[in-house]
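Once you've looked at the hints, dock chain B against the given chain A.
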Amino acid sequence: MTVLAFQSVSWAPPGREQPVFTGLDLEVAAGELVIVTSGLGGGKSSALRLAVGLEQPNSGLVTVCGSPPASVRDRIGYVGSEGALLSNLSLYDNLVLPLRWLRDPPAVEVARKAREVLDAFALDELPAVAPAYAPTNLRRLVALARAMILDPALLLLDDPTAEFDRDSADELWRHLAGLARHRGIAVLAAATDAPDLAHLRVVALSGTSVPATRRFAPGQRHSERLPVQRGTPHPDLIARTYP
Amino acid sequence: MSFCQHLLDSPSMFIAATGRATISAGSYVLAIATLIGYALGRLRRGRRVVPRVAREVVKRQILFTGVEALPFASLIALLTGAVVALQASLLSGTTGNGELLGRLLVTVLVQGLGPLIVGFIVIGRSGAAIAAELASMRVHRELDSLEAMGVDPFDYLVVPRMAGVVMALVGLSTAFIAMSLLAGWIILQAVSSVPQPLGEYVAMITVHLTAIDVVVLLAKTVVPGLLIAAIACHEGLAAATSATDVPRAATRSVVRSLSAVFVWHAIVTILVFLR
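Residue numbers (this note's numbering), protein chains in the order written: chain A, 177 to 419; chain B, 512 to 786.
Hints were generated in silico from the structure; no laboratory data involved.
Residues from chain B shown here face chain A by an in silico Cβ test under 7 Å; the list is partial: (1) D655; (2) S656; (3) G661.
Label pairs and their computed distance ranges (CB to CB): (4) A:G236 with B:I534: 37 to 43 Å; (5) A:S257 with B:A536: 36 to 42 Å; (6) A:D295 with B:I778: 58 to 64 Å; (7) A:A205 with B:D663: 29 to 35 Å; (8) B:L581 with A:V305: 22 to 28 Å; (9) A:S257 with B:R759: 21 to 27 Å; (10) B:R555 with A:A304: 33 to 39 Å; (11) B:L554 with A:R359: 34 to 40 Å.
Each residue gets a CB set at the ideal place from its N, CA and C atoms; glycine is no exception.
In isolation and in its complexed conformation, chain A is listed as follows (with noise of 0.2 Å):
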C-alpha cells in the first residue's frame, strides 16, 4: 500500500527561480525503506520538508495516505537534520511530547509508550537533563523514539546517521530497515550516502533532473552501484555554508 506520493513534484527555494529539482515522482510503500541522496544542496532534504508539509511544492501533489501531509501530521514521524530536540524540555520531556500535546493520555499510559519506544532503539533509562548535555548520538536517537511514539505510518529521517561511525550506522540502518518491515512503516530518509543494505531503493536527486532510481542486490558494495548524480549547488548555500 502506496503510504507516501510525489507526483511531478517540483520544487524552488522562496526568492529562488531555479527549482532544486523537476518532475519528482515517488512512491513509498508501507514496509518499505527508501533512501534519497544528492549532493550538497540537491534537494534531499528539502522532499522531506516536502513530505511532512513544511515546504509546498512549486507544482505537483505530495500525498500522505492520500491526503496533503499538514492534515496528517500525527501520522508522521519526522526527524530533521539535527534532530532539533527542543532545548527547554529535558530527554524525556522531548520524547513523549507528541504524545501528551496530541492525545494527553493519563501519565501511566505515557509512561507506557516512553518504554516502548526507548526498548525499540534498544535504550535505558533516559538521563534527566536537557538535550545540550547529552551526547549527540543520544539526542539523535531520542529524536528517533520520538517519531515513532506516535506509531507514525510514515517515517522521515534527515541524514539519520550522522553523528554515528561506519559500523553504527551499518547497524541503524539496518534496525530501521527491520523496524519498517516489522511494523509495516513506510520510511523516506535523506543520507549523502546510500548504506549497503539488502534490497535497498535508493533515489538520486541530480539537480533539476529527474532523480535516477535503482534497485540493488545484496552483496554489492555500494561505490559500484550508485553512480549518483551531484547537483550543483546554488552560489548563494556555498557562501552560506563556507563564508
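For chain B alone, coordinates are given in the frame of chain A:
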C-alpha cells in the same frame, strides 16, 4: 551644512521620513495587537481543550517571571518604598499630615512606580529571555520540529507564555507594592518623632485606596504583561536563522517593550487625570 539646516532646506524629505516612520510604527502596533487578539482567542477555547503540557508551560513561565524574580523585586521594592516614604514625609511634615502622606504613598506606589518598576524588571528578565529563547529555537529549527510533530508553535510557545507573564506581572506588582508600603512604614518609624503603629498605618493606606486605584493597577499590569510577552514572542519568532539574530531579537524586544509600557502608562495616567 548641519543636519538641521539640511532638514530645513529639504522639508519634503523630512516629511517623507516622518511618514515612513509613522507607517512603520503603525504596522508594528497592528501586528502586536493582532498577535494579542489571536492569542486571547485561542485562550477562550477553555481549560478542557488545552493539553496539560501547555498548562505546565504556563506554570514554568509564572515560576520564572514571578517567583524567581521575587528576591530582586523585593530589594527594589524596599528601597523604592523607603525613598518614596521619605520624600512624602518631607512634603507632608514629619509630625504627620496623614491625609497627604497616605494619598501620596498610594498614588506614587500603587498607581505609578509599583507597576512601572515591575514592568521594567519583567522586561529585563523575562521579555529578553523569551525573545532570545524563541529566536534560538528558530535558529536550531526547533519550530519546524514542533510543526512537523503536529504541535502548533503558537499554541505551545506563545499563548502559555502570554498567560504566564500576565499572571506573574499582576502577582509580582501586588507583592512589590505591599513590600514598598511596608518599607515606607519602617522608614517613617525611624524619622518620625511620633511613632505610628502598623495598624494605623495600614488603615491610613486603605482609606486612600479606592476602586480607581485597583482598576488603574490592573490596567497597568494586565495590558503591559500582554504587551511585553507579545513583543518578546514576536521578536523571537521573527528572527532570522542566524545565531547573530538571537541577541538582536532580545535587544529589540527590550527596547520596544520599554517604549510600549511607557506609552501605555502615560495613556492610563492621562485618562485618570481627565476623569
